[in-house]
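Based on the sequences and whatever the hints tell you, model everything.
Protein chains: 2
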Amino acid sequence: MKFEVTILGSSSATPIYNRNPTAQVLNINEHLYLVDCAEGTQQQMLRFDVKPSRIDHIFISHLHGDHYLGLMGLISSMHLNGRRKPLQIFGPAPLKEIVDLQFKFSETTLRYEIVFTATNPNEAQIILDNPDVTVETIPLDHRIACTGFLFKEKKRLRKIIKEKVAGLDVPVSHYTLLKKGFDYEAPGGKLYRNDELTTAPGEPKCYAYCSDTLYNQQYFKQIEGASLLYHEATFLHNLLERANETHHTTALQAGEVALKTRAHRLLIGHFSARYKSLNEILDEAKSVFPHTELAIEGNTYEV
Amino acid sequence: MKFEVTILGSSSATPIYNRNPTAQVLNINEHLYLVDCAEGTQQQMLRFDVKPSRIDHIFISHLHGDHYLGLMGLISSMHLNGRRKPLQIFGPAPLKEIVDLQFKFSETTLRYEIVFTATNPNEAQIILDNPDVTVETIPLDHRIACTGFLFKEKKRLRKIIKEKVAGLDVPVSHYTLLKKGFDYEAPGGKLYRNDELTTAPGEPKCYAYCSDTLYNQQYFKQIEGASLLYHEATFLHNLLERANETHHTTALQAGEVALKTRAHRLLIGHFSARYKSLNEILDEAKSVFPHTELAIEGNTYEV
Numbered sequence: 002m003k004f005e006v007t008i009l010g011s012s013s014a015t016p017i018y019n020r021n022p023t024a025q026v027l028n029i030n031e032h033l034y035l036v037d038c039a040e041g042t043q044q045q046m047l048r049f050d051v052k053p054s055r056i057d058h059i060f061i062s063h064l065h066g067d068h069y070l071g072l073m074g075l076i077s078s079m080h081l082n083g084r085r086k087p088l089q090i091f092g093p094a095p096l097k098e099i100v101d102l103q104f105k106f107s108e109t110t111l112r113y114e115i116v117f118t119a120t121n122p123n124e125a126q127i128i129l130d131n132p133d134v135t136v137e138t139i140p141l142d143h144r145i146a147c148t149g150f151l152f153k154e155k156k157r158l159r160k161i162i163k164e165k166v167a168g169l170d171v172p173v174s175h176y177t178l179l180k181k182g183f184d185y186e187a188p189g190g191k192l193y194r195n196d197e198l199t200t201a202p203g204e205p206k207c208y209a210y211c212s213d214t215l216y217n218q219q220y221f222k223q224i225e226g227a228s229l230l231y232h233e234a235t236f237l238h239n240l241l242e243r244a245n246e247t248h249h250t251t252a253l254q255a256g257e258v259a260l261k262t263r264a265h266r267l268l269i270g271h272f273s274a275r276y277k278s279l280n281e282i283l284d285e286a287k288s289v290f291p292h293t294e295l296a297i298e299g300n301t302y303e304v
Numbered sequence: 002m003k004f005e006v007t008i009l010g011s012s013s014a015t016p017i018y019n020r021n022p023t024a025q026v027l028n029i030n031e032h033l034y035l036v037d038c039a040e041g042t043q044q045q046m047l048r049f050d051v052k053p054s055r056i057d058h059i060f061i062s063h064l065h066g067d068h069y070l071g072l073m074g075l076i077s078s079m080h081l082n083g084r085r086k087p088l089q090i091f092g093p094a095p096l097k098e099i100v101d102l103q104f105k106f107s108e109t110t111l112r113y114e115i116v117f118t119a120t121n122p123n124e125a126q127i128i129l130d131n132p133d134v135t136v137e138t139i140p141l142d143h144r145i146a147c148t149g150f151l152f153k154e155k156k157r158l159r160k161i162i163k164e165k166v167a168g169l170d171v172p173v174s175h176y177t178l179l180k181k182g183f184d185y186e187a188p189g190g191k192l193y194r195n196d197e198l199t200t201a202p203g204e205p206k207c208y209a210y211c212s213d214t215l216y217n218q219q220y221f222k223q224i225e226g227a228s229l230l231y232h233e234a235t236f237l238h239n240l241l242e243r244a245n246e247t248h249h250t251t252a253l254q255a256g257e258v259a260l261k262t263r264a265h266r267l268l269i270g271h272f273s274a275r276y277k278s279l280n281e282i283l284d285e286a287k288s289v290f291p292h293t294e295l296a297i298e299g300n301t302y303e304v
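Residue numbers (the numbering used here), protein chains in the order written: chain A, 2 to 304; chain B, 2 to 304.
Rather than coming from a laboratory, the hints here were simulated on the basis of the structure.
One should not assume that every hint holds.
Looking from chain A toward chain B, a few residues come up when the C-beta cut is under 7 Å (computed) [said to hold, decoys possible]:
| no. | residue |
| --- | --- |
| 1 | Thr15 |
| 2 | Leu64 |
| 3 | His65 |
| 4 | Gly66 |
| 5 | Leu70 |
| 6 | Met73 |
| 7 | Gly74 |
| 8 | Ser77 |
| 9 | Ser78 |
| 10 | Leu81 |
| 11 | Pro95 |
| 12 | Gln103 |
| 13 | Phe106 |
| 14 | Glu108 |
None of these values were measured; they are calculated from a predicted model.
Ideal placement from N, C-alpha and C gives every residue a C-beta, glycine not left out.
Right, here's the structure in full:
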């Protein structure tokens, strides 16, 4: 199953050096999930050929402008481009008020339904559960109410060993049962144990999205063992004080989060406008956690 | 005196073909005035090297997203980049409510003052008057309350004929009076008429900005004789019905507005996403009014 993330924005606060503020799009089994939606996200989607019509779920971490000011434009364009199917939006409760107010004054009645789910910044909650994935909120520690999002792939089915099954003339109708782990009894009565005919699937993958947050152990347990951890790394560690004041994380701390939560890989983003080159940020995180990559706009990372 | 306009966005409704929705910046005597501010305007300003810190006045024509959704991002960035001087914003009354609501939920207290002036969509009013320019609203006919803006250069001073004045030893302290049209009496008592020592200034220039509107004679008188008329030309004339439905103008009609109001030159923009190439739009307007140009992003047009 495809499970990957494409970065649409990697800047914090303001756009600069051709870096846009935060937005990223997950492709999970060919369904697109948009995570945060800064100003210019719809332009970035045009640039990187991401089709808005394929997005049915949008997740907004918090109400700082660099994480949601592109939402109105995107959902307006969806309307103008003829969308009819519902759109699910997950985000802080006041987001609905902000959207409704703007549509009221533009006198717009959408031709599609927005199904809005308010996130709770104080408690991890499952907010989406479909055949591919569950999504949980991650309560973070920012200046205003803020949640990350944890995307957990559903447990996958066992894989049939084709040659074995073909040699035994197992009826196709029994394949689903085999994938689910059932044994097979041949017409003559002989029993074949499931693990002779199938192999175990890989561990379900997991993507943890930790947008703006202070380095705070409160969320470590929940994100343990992520296949890919996206974590903000706004500053270098020599600006730790500034990071603490503004409830952000340094690159060194992001590496520590990955290390302590035993992430498989770390992807860092939300870079301060003060860093034109990102080499130092990357080196600093890598000094703690070697499997670190920079979130580069237009790049796609496998989860 | 410098009086020119740089196009930051020329698309209607949605961004497409690397065209952004509406925004433009006027440079009048080295002061910048931003007119409309679609999503992505701050990114366009970075791209075309327009400094937000030089903008003290922003004019919003109406509350369709393609004309104002970049405002929150821009004024937030001004705050983050240390702005202290006040910013004047002119626009429909509910704009203040929209801005205030978003700052409330982002828990932002700006370090500079926004001085907000509500425009009246029913009556032409002078909303700004400074030594360089007066700005009037132009009541337009759109689906929701919408005003254009008329920028009228102040009557300019007469120009001193340097050689004449130097030959007569006119004291420098008298130059201002000469520029204002006063005669000069030399120490011996001889009177020099002002028109011997100065030349008349050019006619004050005038920029008329007519964003979204139905072709409607109601605003023709007010914009008469504009040095440069910016007029929307969303559709080709074969889509007149669609233009009427949506309260927009065709390229042919934009040419007619320029012709009937005796504009010196016409600049057309706000192009529908259905037109990848703009040649036909330009040709159609030119067939009625030859002095027509396309509003091209990044280009600067002298008023």
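Hint check:
no. : hint   : in the structure
1   : Thr15  : holds, 4 Å
2   : Leu64  : holds, 5 Å
3   : His65  : holds, 5 Å
4   : Gly66  : holds, 5 Å
5   : Leu70  : holds, 5 Å
6   : Met73  : holds, 5 Å
7   : Gly74  : holds, 4 Å
8   : Ser77  : holds, 5 Å
9   : Ser78  : holds, 4 Å
10  : Leu81  : holds, 5 Å
11  : Pro95  : holds, 4 Å
12  : Gln103 : holds, 6 Å
13  : Phe106 : holds, 4 Å
14  : Glu108 : holds, 5 Å
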